Amino acid sequence: MNKTIHRAESRGYADHGWLQTHHTFSFANYYDPRRVHFGALRVLNDDTVAPGEGFGTHPHDNMEIVSIALEGALRHGDSMGNMKVLRPGEIQVMSAGTGITHSEMNASETEPVKFLQIWVLTDAQNHTPRYNQVELAPAKRNVPHVIVAPEGRGGEHVGWVHQDAWFYTLDLDKDRVVEYRMNTRGHGAYVFVIEGSVEAAGEELGPRDGMGITGADEFPIKGETDAKVLIIEVPMEV
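The sequence shown runs 1 to 238 under our numbering.
Worth flagging that the hints you see were computed from the coordinates, not collected in a lab.
In silico BS3-like cross-links for lysine-lysine, where the CA-CA straight-line distance does not exceed 25 Å:
id	residue 1	residue 2
1	K140	K228
2	K228	K114
3	K222	K174
4	K174	K3
Since we're looking at a predicted model, the values are computed, not measured.
Please build the complete structure, drawing on both the sequences and the hints.
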């Protein structure tokens with residue numbers, strides 16, 4: 001088993017006034033040649049957007065883009081005519097494919113919005129662009145809860161991507177141990193702690209710490225406190 005730990009304080013950071021953003025991997029003005037991607041996982045941004053502000057219309061292509069709302073409401077608009085508001089308990093997935101423009105704005109004039117934006121490398125170039133917003137099913141505690149899966153593998157309350165990638169949330173009680181098992185042999189898993197503290201594969205991880213794990217078919221995650229964890233399983237050969 002190989003493990004690479006990224007502590008919360010080691011992430012790239014920028015304060016744009018309207019946006020406070022932390023980058024686990026190289027992004028925008030933050031560049032670290034050791035942290036460009038983890039397999040097919042290219043971007044993991046932890047964003048807080050001020051009331052009434054946001055990302056104006058801008059383009060993307062050939063990327064799978066997943067947004068997970070943590071607090072507040074995020075208003076989405078795109079060149080396909082979609083106008084949606086994303087709230088906690090929902091995720092949005094965009095396949096940029098041949099090209100898409102979109103905006104992501106704080107839907108509130110009084111409260112900030114906090115969300116994770118995650119980019120996964122696509123399995124092939126020039127897919128037809130698409131947008132999908134999903135209301136997640138209620139999650140059971142101490143059980144990995146799938147929220148994103150490959151096309152045709154997830155179900156009604158699961159987003160899907162053009163990649164053999166799986167996203168899970170795990171709401172973990174203190175002292176409980178859960179074994180995470182890879183869906184595909186040879187995949188890697190990136191463990192990102194949203195809240196609380198855990199011991200994952202023998203390593204202590206606190207809030208917003210992350211760790212990439214390769215060379216293992218399964219590994220344990222133990223709650224050091226009550227915790228919420230995001231697990232992103234991706235192909236490592238890209």
